[in-house]
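Chemist: Chain by chain, the residues:
There are 2 protein chains.
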Amino acid sequence: MASPTPDTRLERMDDLVSLCARRGFIFASSEIYGGINGFWDYGPLGVELKNNLKARWWQRVVRERDDVEGLDSSIICHPRTWEASGHVEHFSDPMVDCRACKKRFRADQLGDAGKCSAREGSSEHDFTEPRNFNLMLQTRIGASEEAASVAYLRAETCQSIFTDFKRVREVARQKLPFGIAQIGKAFRNEINPRNFTFRSREFEQAEMEFFCHPSGREQWFAHWLDERMRFHKELGVDEANLRTRPHEQDELAHYANQAVDVEYRFPFGWQEIEGIHDRGDWDLSRHGEYSGKDLAVTDPDSKERVLPLVIETSVGVDRTCLALLCDAYCVEELEGGDSRTVLRLDPALAPLKAAVLPLSKKLADPARRLYRELQRHWNVFYDDAGNIGRRYRRQDEAGTPFCLTYDFESEDDGQVTARERDAMTQIRLPIEGVVVWLRERLEARA
Amino acid sequence: MASPTPDTRLERMDDLVSLCARRGFIFASSEIYGGINGFWDYGPLGVELKNNLKARWWQRVVRERDDVEGLDSSIICHPRTWEASGHVEHFSDPMVDCRACKKRFRADQLGDAGKCSAREGSSEHDFTEPRNFNLMLQTRIGASEEAASVAYLRAETCQSIFTDFKRVREVARQKLPFGIAQIGKAFRNEINPRNFTFRSREFEQAEMEFFCHPSGREQWFAHWLDERMRFHKELGVDEANLRTRPHEQDELAHYANQAVDVEYRFPFGWQEIEGIHDRGDWDLSRHGEYSGKDLAVTDPDSKERVLPLVIETSVGVDRTCLALLCDAYCVEELEGGDSRTVLRLDPALAPLKAAVLPLSKKLADPARRLYRELQRHWNVFYDDAGNIGRRYRRQDEAGTPFCLTYDFESEDDGQVTARERDAMTQIRLPIEGVVVWLRERLEARA
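Note that the protein sequences, when read in sequence, are chains L and D. Residue numbers for the first sequence follow numbering that gives the first Met the number 0, so the first one is 0 and each next one is one higher. Residue numbers for the second sequence follow numbering that gives the first Met the number 0, so the first one is 0 and each next one is one higher.
Hints were generated in silico from the structure; no laboratory data involved. Every residue, glycine too, gets a C-beta built ideally from N, C-alpha and C. Watch out, some of these pointers could steer you wrong.
Claimed, not checked - Cβ-Cβ distance ranges computed for the label pairs, FRET-style:
{"no.": "1", "chain 1": "D", "residue 1": "Phe407", "chain 2": "L", "residue 2": "His376", "range": "38 to 44 Å"}
{"no.": "2", "chain 1": "D", "residue 1": "Arg229", "chain 2": "L", "residue 2": "Glu247", "range": "36 to 42 Å"}
{"no.": "3", "chain 1": "D", "residue 1": "Asp364", "chain 2": "L", "residue 2": "Pro299", "range": "16 to 22 Å"}
{"no.": "4", "chain 1": "L", "residue 1": "Leu134", "chain 2": "D", "residue 2": "Glu372", "range": "53 to 59 Å"}
{"no.": "5", "chain 1": "D", "residue 1": "Arg304", "chain 2": "L", "residue 2": "Glu334", "range": "39 to 45 Å"}
{"no.": "6", "chain 1": "D", "residue 1": "Asp14", "chain 2": "L", "residue 2": "Pro299", "range": "50 to 56 Å"}
As the list claims (entries may be wrong) - Every beta carbon over 12 Å from chain L, so not counted as near; a handful from chain D, in silico:
{"no.": "7", "residue": "Met135"}
{"no.": "8", "residue": "Ile182"}
{"no.": "9", "residue": "Pro429"}
Could you build the full structure based on these sequences and the hints that come with them?
Modeler: Here it is in structure tokens:
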């Protein structure tokens with residue numbers, strides 16, 4: 000896909016937020032009640048985009064590989080899980096309050112204080128001492144409030160992969176090296192949710208934990224870093240907006256031996272969309288210790304009994320959706336002083352694959368026949384309202400890669416006009432050949 | 000699909016629970032910590048089955064219809080939502096404790112008390128007065144424990160459909176009648192989770208709310224009841240195990256004008272897997288009142304300004320998966336005194352579509368080539384370990400509809416043996432024709 004020229008690139012998140020609300024990609028949860036900070040809903044176009052992205056990940060990471068098994072575990076699991084993982088003790092941010100402006104900040108991000116009314120570093124800020132604030136959401140499970148026991152909404156999907164490791168390995172008869180993958184919701188009580196869906200309190204992760212013999216750590220880390228970068232490039236994102244950033248030693252999580260972030264250049268700066276981590280044997284050793292179960296396995300090559308190491312790939316589904324939208328967004332000047340907003344989404348990921356547009360409502364019947372035929376194969380749209388130029392603009396904004404216009408000649412010559420979103424080129428196409436023509440353009444990248 | 004004869008039908012849930020754990024369909028969450036009551040994980044086969052079911056629902060309810068829009072809203076939404084819906088006040092079960100046996104029961108299900116050690120109705124039970132127990136799971140959102148505000152994990156996915164009604168209608172430019180649908184997790188703090196995944200505390204719903212003019216209520220109720228029964232029959236479930244049951248007047252929820260359950264005959268009795276409800280204008284009127292927003296719309300036919308009525312279809316994804324598994328399970332006596340366990344799942348829903356089995360490990364290379372070819376299209380399995388009879392049995396248990404055996408003649412005649420799961424018939428098939436042959440058998444029902 001041709002990438003937008005630099006001057007058409009999204010510069011202000013507000014423009015995207017507005018398009019997303021106006022077209023129903025993503026909008027605030029509970030809008031009619033004034034919203035709820037850090038929670039977002041995906042509308043008709045957004046849910047299709049997100050589902051296409053998740054299906055692509057599942058296809059590449061699980062279905063196309065013999066060495067990765069799928070899983071779908073519960074959001075609430077046994078609370079011992081989070082003691083073993085270290086989250087109960089350590090998953091917290093240091094937090095300070097400003098006595099002057101009454102706002103709360105992360106002590107490690109006091110630059111944010113500059114955004115409140117008081118000037119950063121001025122005497123107008125009067126900070127309290129930092130206090131630790133655990134980011135896990137708590138609830139209580141059980142039949143009466145008194146007897147109920149504390150449980151947590153998972154802060155990451157990977158912990159169930161570790162606790163289910165033994166069961167999944169056995170039922171799938173897998174041997175080292177192999178991985179377990181899942182997609183699902185996770186929750187963090189972020190102090191300052193911000194940057195649209197980038198930092199929210201409820202979000203979706205797609206995580207894969209790959210278990211290997213300690214001698215394979217370098218090889219598998221390199222393999223997965225490669226694979227994951229290839230994945231992001233295949234999404235059609237401009238490669239100039241993608242980079243990898245290895246963590247410095249002092250940035251590494253306490254359990255991590257090596258970590259590389261995949262970052263995307265958002266309008267608000269370079270930010271992580273995926274992390275590839277060498278977690279060592281931290282997770283299996285802790286869950287082994289806390290559960291009293293032996294999680295070691297026999298390595299098929301060396302015949303040694305080993306506790307496998309874990310190479311993790313953890314991608315934010317919402318963050319990647321947001322990167323796709325940011326990357327696809329552009330405003331173009333057209334001939335005649337007009338302009339258009341277009342989402343240059345990869346056709347395989349676009350919510351709608353095609354729109355069928357009769358030039359006049361009088362042509363609705365045959366146009367609907369074509370629409371019904373395409374609907375058997377893809378998510379397509381029918382629109383017979385308004386002038387054709389406006390209808391093209393509406394599809395451009397939705398990221399629909401192809402429009403098929405049924406006009407007054409179509410009845411005679413059995414052809415429609417196929418208009419391509421990005422180049423706005425138009426060609427005539429026999430109606431009976433539309434399915435094949437579309438399939439070539441949609442599945443080549445899939 | 001031929002249905003199992005009555006004598007092979009699943010009679011004891013334990014047999015299915017055991018198969019599900021052994022083969023990795025579904026098992027207890029956090030098993031290594033002793034499990035957590037009411038929470039379940041879907042393993043490699045289970046997640047594929049569940050995803051196939053969800054994809055089928057989305058296809059039938061959203062993508063194939065012009066009058067239903069998709070949505071994916073957050074699990075945690077504004078707490079006013081649950082005040083308006085009546086859940087904060089009313090979503091509770093009356094609960095009694097037995098002072099003798101120390102167990103807790105739903106006061107409206109005291110028949111269950113018979114299952115505890117004390118005999119039902121005997122003086123050995125000493126019940127407390129009923130107390131109301133709210134079934135919503137609570138948490139707290141916000142930056143400090145003191146200031147944090149109470150929020151709820153949604154008890155049903157439909158409430159966000161009502162709060163997002165106005166936004167979705169506008170972005171999708173829909174007019175009455177139309178629907179909004181979503182699939183997602185919901186949570187209820189059930190007093191007695193039981194019957195495997197049937198009554199759990201975390202579960203997945205697929206709900207559709209159809210908004211119509213009050214004059215259309217009978218017509219649309221009938222339409223959706225028809226559609227939904229057709230859906231369940233198309234899943235390949237034995238129709239003798241499906242029925243509809245209209246609610247009696249005194250069973251109707253306070254907001255409901257008419258309700259019909261779709262029930263499946265589980266080994267533990269006829270139980271609801273889906274509800275079709277005429278909810279009237281209860282939901283939109285309450286959310287209009289609590290939000291101060293006008294949720295009325297103009298009916299395109301009568302041009303009246305009306306608060307639409309809602310016809311709801313609400314299916315339990317886990318319950319339907321469980322019905323599919325119960326219905327598919329059978330144990331068959333074979334010639335020679337052998338027996339086999341087979342899951343007669345509809346091929347389009349089965350987790351694995353085919354298994355490629357080389358008769359000997361020496362034939363691995365050409366068999367793997369066939370496997371790679373099929374993997375481009377479907378979720379398939381490769382197995383070269385153990386004798387061929389045992390490998391067939393393993394695929395029977397997993398519900399895999401077709402096995403393709405590559406034998407010593409395959410190299411010469413370019414054919415494999417295709418074995419069908421249910422009838423166990425075998426035919427020779429040219430390798431180059433396998434994809435087309437499979438597609439005909441998998442997509443005819445899709």
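Chemist: What are the numbers of the hints the structure violates, in ascending order?
Modeler: 2, 4, 6, 7, 8
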